[in-house]
Amino acid sequence: MSIKRRSVLKGMLATGVSMAALKAPAVHGQGAPFKLGLLTVKTGPLAQGGIQMEQGVLTWLKEKNNTMAGRKVEFFSADTGGNPAGTKTKVQELVERDKVDVILGPLAAFELLAITDYIIQAKTPLMSLAAAEDMTQRRPNPYFIRASATSGQAMHPMADYAAKELKLKRIVTVSEDFAFGHEQMGAFQQVFEDAGGRIAKKIWPPLVTPDYTPYIAQISDCDGVCQGFAGSNPLRFMKAYAAAGLKFPVVGGETAGDDALLKSFGDEALGLVSCCPYTLDLETDGNKRFIDGMLKNFDTVPGQYAGLLYLNCMVVEAGLKSLNGDASDKEKLIKALRAVTLTDTPRGPVKFDHFGNVIGDFYIRKLGTDGAKYGLKYWNKTVKVYKDVSQFWTYDEKAFLAKPVYSRDNPPLKP
Amino acid sequence: MNFWLVLTVNSVTFGGLLFLLSAGFSLIFGLMRIPNLTHGSLFMLGAYFGATLLTGVFGVKLNFWVAAILAALGVAMIGALIERLLLRRLPGDALAQVLVTLGLSFIAADLCLMVWGGDPINVETPPWLGGFMRLGSVAFPNYRLAIIVIAVVFAIGLWMLLERTRLGAMIRAGVDDPDMARVVGIRVSQLFTIVFALGAALAAFAGIIGGPILSVYPGIDQDMLPLALVVVILGGTGSLLGSFVGSIIVGFIYNFGQALLPELAYFVLFLPMLLVLIFRPQGLFGRQLP
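Respectively, the protein sequence lines represent chains A and B. Heads up, the first sequence stops at 415 in this note's numbering, and the numbers go up one at a time, no gaps. Heads up, the second sequence stops at 290 in this note's numbering, and the numbers go up one at a time, no gaps.
Honestly, the hints are just simulated from the structure, not real lab data. Ideal Cβ placement from N, Cα and C applies to all residues, glycine included. Heads up, a few of these hints could be off.
As a list, the in silico EDC-like pairs of lysine to aspartate or glutamate whose alpha-carbon atoms are at most 16 Å apart [claimed, not checked]:
1. Lys398(A) / Asp353(A)
2. Lys288(A) / Glu63(A)
3. Lys381(A) / Asp370(A)
4. Lys381(A) / Glu283(A)
5. Lys366(A) / Glu268(A)
6. Lys377(A) / Glu124(B)
7. Lys99(A) / Asp329(A)
8. Lys64(A) / Asp292(A)
9. Lys201(A) / Glu263(B)
10. Lys64(A) / Glu74(A)
11. Lys42(A) / Asp110(B)
12. Lys263(A) / Glu124(B)
Computed beta-carbon distance windows for the label pairs [said to hold, decoys possible]:
13. Val208(A) / Leu90(B): 24 to 32 Å
14. Pro404(A) / Val153(B): 54 to 62 Å
15. Gly157(B) / Val208(A): 25 to 33 Å
16. Ala85(A) / Gly157(B): 42 to 50 Å
17. Glu283(A) / Met133(B): 44 to 52 Å
18. Gly56(B) / Asp177(A): 36 to 44 Å
19. Pro91(B) / Lys64(A): 57 to 65 Å
20. Leu95(B) / Val383(A): 54 to 62 Å
21. Lys62(A) / Val153(B): 50 to 58 Å
22. Arg170(A) / Ala94(B): 51 to 59 Å
23. Ser220(A) / Met77(B): 45 to 53 Å
Just chain B, same shape as in the assembly (with noise of 0.2 Å):
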């Protein structure tokens, strides 16, 4: 009984995390018809940047949530610059673009290794959430907990936001027809470049978010992009709900899979994958790409 009530809340826990992680993912996918090669790096830099300001720049000691935001734009920044200066002029060029995001998440990678060494840096629970919480006999971290909460807020607002207001209508807009929409006088290009940085500090904000579960450590990028390709095939490019359900099936697919069937752990976390690509290319909540 405890055994399953762990694993479910972890597996929602973790869903969480990666909802944070792919949405971006997605949504760039969905806009710009490209996988972002470099969203591991992005989420292991803003896991980075933040760590940094937490354990203090200059003697000030960050509190978490200022010093995950911080990250966030940070990287958000960074993300931009990647779209406006490298992207952008491989425009439609889909392999190039892929190329590029791959070789930057190598120079990513090994810049952080010049920057913050090879040690792993442990990132410290936010103090008030650090305890338990008891239900019945089990006890569960307040701070996986929290990771949920987070999580769905994050999914209001980003509905929200595509849902109900002009901006999300022209991000829709651009991912359904990018062609129609210039011509209805949508600057897609500048959508490009939003949606970029957006999901890129929505990466690093996940980055921190899962630096008290994960830690942070050089080669966490590679371990993270698979995981968002999962969800993004599973859920759909470009759809927010996809991508929700997406992480949250991964979440317990990953869940369950390691501890039913451990020796088949990667087996059953790329089947569902698999299936998907052959019975539905577009993904559970995806639309047939034009």
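So that you can see chain A by itself, here it is in the shape it has in the complex (with noise of 0.2 Å):
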């Protein structure tokens, strides 16, 4: 028995011995493998979001056998806990002792806006889904990327189509009472209103709210609601709100309808209009890989955190391609990273501003249940696209910039 075990070890060891030669004549003198960096939650109430952007990367990687240009990569995936302080020191852990190249992630704003200072000192290029407006904007990171959307990104095509096509005059708007919340729904209202729309009414109920039904008994006046949670809020909102007996059409951001919890909605969602920049029922090359990546490596039907950094680390890779694979000078990376531009990604043709903001497709979807695939019950079907939206919308940059940025009051509520 033991003589047996021994030998099959000693074949394992022989087959890894002669695949590293085979491979050495590909790495092109580049011994050192690239070290790429992940900030995730794995653990407390964001670990739902988080675990999804760790499968997303782990998928990518698998796909390209651990090799990103011509090199290998060594990933560090490091659990933030959620919070700035966690953040902080797994930031450093990674920079200072593992040496990465490259940090994907973090999920939350509050996160990024902890470490955005230490990423300019530290000169190490940041991949982010965390949405806050100024990053890209006003107060802009010169090492800074971000791929996903800003805050107001979905919400400006979101506002388009309940203004044209679905023909709603009068909204009332529900959010978190946080930062992401205030800015979708600042965005919202301004090309809404700028449509000839107008919100009646901004609804704020905390981040943590077990039964949002005191909220929903505020919502008269209107003939539509839109609605911008995030994280497991969506669903127990949906539910509330169907359970109080509402039928206006309700209209949403890219978290209020992610694909990722069309496993836990119900009827009660039937109907919800959500705009997205990822959605499972995009029917191309890219996106059908990352999709079959995902359900065999982890058993489950990805939303857009593990869209998303699927997508970084194909804009790490191409960027990383384009200098040979030489990452040893952050400002040439972080300057080949933003001149990346990719036509098949999960999400569809993707380039970057010269702020290091998303260009990119955005899709208004419907659920519903026709045309569910993967033992989903419910399905985003898309019903229209957007195509290459900037994060200034429509509007001029200048002017864009000139004003504030979208906040709780801004754009004030008219009389």
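Each of the two chains sits in its own frame; use the hints to bring them together as a complex.
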């Protein structure tokens, strides 16, 4: 028995060695691996998105056999715990101890804001999902790239669609009382009112709200509702909304109708229209590869968190390729990353503006049962695609930046 | 008019749910003198167990009420084990017990995350309670009304248990004066286990009953625990009536506070607690602890 085991071990070693020998010539003398860091959240309430982020990266690495632009990839995943202090500690570990070349993440805006100064100081390119507008607008960070969306980027087309295609006139907005919610609803209001609509009321429940009914009781005098909830909150909002017997159509942002929630939604969410930079039903090779990988590796139907991190990996690879795999000069690296243009990603074609923010397609989807795949009961079906949407929407960049950033009271409610 | 009616009914519903959660918390606090910080976790565990039984184990889908009772029994066992194996070893050391229960709540949160993942789980409303009841132009979901009935039934049941049975008399004796209770031959340490298990079962039951309204998600433990704390501080520890009245008060403050003063929702929630702590530290219906 023991002899057998030993021989098996030997065999394994032998194959390992021979595989390494075969691969050696492909490395082009760049022996050192490319170091990829990830700041994510694997514990606590934000873990749902955080775990998906890691799965997105792992799916990409597996597909590419752990190689990026001819270099072996060494992957460092750090759990921030979903708080600013933890993020600060972990980013220092990644930069100073592990000496990573590029950092993906973190998840939330307050995590990102805690480390933005440090990132400038450490000169390490950072690709985050966090949507804080000013990171790529009025207070840009030269080492920052965002391939997902600003808070308002998905809300601009959503508002356009609500006004022009759904023909809604008066909308009540409901969203969490924190920066992401404020910026989303500000963006929605701006475009919706420019298109002739009117925001009747803005309601702000706290981030932690076990029961939304008291807020839903305030919805009246309108013909539609816009919700910007994130995490698991959309689920409970839609339940309480249906339980209150309200029938106004509901539109929402990228987190409000995220595909990762499809397996948890019930009939109460039927008809929810949301706008998202990633959609499961985008029929392209790039998206198919990604979804197949997620199903194979993790047996899970992905949402935007996984999709956008997978996309981040593609961007890093493309940037690295353009430098022939040389990541030693961080200034060159960040320039190369921002110059990346991709045509076939899980979210469609992608390029970046001079602030490092994505210009890409945004998908308006309607939740129903029609066309559901991957064992899901519910499905977000794309009803309209807004092509090449920039963070400034159709507005002039200078005029847009001259105005204050979207906030709780900006734009103000009209009397 | 509708606005007020909806909020009133919802306040009572939410109060009912809070009562199920906080009755056990209050009894444990009253008898054992420790704020059991795992109480939110027991609520969450109950919800997760129940949701799992509902979606089916080995292909067997259980009835909502059967699932709720099984989940409560399972969590009662866990509660008894926590008391027997951990808290029992730290007698009289309230600080250590608080830290142990806090630590356990972290462990429970991450275990749930490992087992059930981060995705929120939707708990279906039992089919025959799915509809609405109409009162004029206002519709009330039947399920929310059912929660009120359940809470009242449990309140009466618990009251009978405490006031009309020998076990209840022993528990009351233990709450009032544990030392004297020991002297007259009541095995107070055994009572600890029973009350802890009962409290755990009630919290778990509240978890699954609350499921169709709140759904089950990581972090629900930390959302619910402060509400239970507010209820118990308002109502007074170890007092069933206190829990009941406290729950209804918090239900009303919570709902109306959020609807009328959304900016001050949390302030309005904690203000009465602060006032009670200043002017009547034992709570509205609590007795002065010796």
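Legend entry - 16 Å limit on alpha-carbon distance, applied to hinted pair Lys99(A) and Asp329(A): OK: Lys99(A) and Asp329(A) at ~13 Å, within 16 Å.
Inset, instruction - For the pair supplied as a hint, Lys64(A) and Asp292(A), confirm whether the alpha-carbon distance does not exceed 16 Å. - result: Judged against 16 Å, a Cα distance of about 14 Å means the pair holds.
Inset, instruction - Could you see if the CB distance from Gly157(B) to Val208(A) stays within 25 to 33 Å? - result: 31 Å, holds
Inset, instruction - Measure nothing beyond the straight line between the CA atoms of Lys201(A) and Glu263(B); if it is 16 Å or shorter, mark the hint as holding. - result: 14 Å, holds
Legend entry - Distance restraint between Lys366(A) and Glu268(A), which requires alpha-carbon spacing of 16 Å or less: 13 Å, holds
Inset, instruction - Indicate whether the distance between the beta carbons of Glu283(A) and Met133(B) respects the range 44 to 52 Å. - result: 45 Å, holds
Inset, instruction - Sort out whether Asp370(A) lies within 16 Å of Lys381(A), counting only the CA atoms. - result: 8 Å, holds
Legend entry - 45 to 53 Å as the expected CB spacing between Met77(B) and Ser220(A), which holds or is violated: Given about 48 Å between the Cβ atoms, the range holds.
Legend entry - Assessment of proposed distance window 51 to 59 Å (beta carbons of Arg170(A), Ala94(B)): 56 Å, holds
Legend entry - Outcome of range test on Cβ distance (Leu95(B), Val383(A); 54 to 62 Å): Cβ of Leu95(B) to Cβ of Val383(A): about 59 Å, so the range 54 to 62 Å holds.
Legend entry - Agreement of Lys64(A) and Glu74(A) with the hint, judged by alpha carbon distance not exceeding 16 Å: 13 Å, holds
Legend entry - Range hint compliance [Cβ, Val208(A) to Leu90(B), 24 to 32 Å]: Between Val208(A) and Leu90(B), where Cβ atoms are some 31 Å apart, the hint holds.
When each numbered hint is compared with the structure, no violation occurs for any of them.
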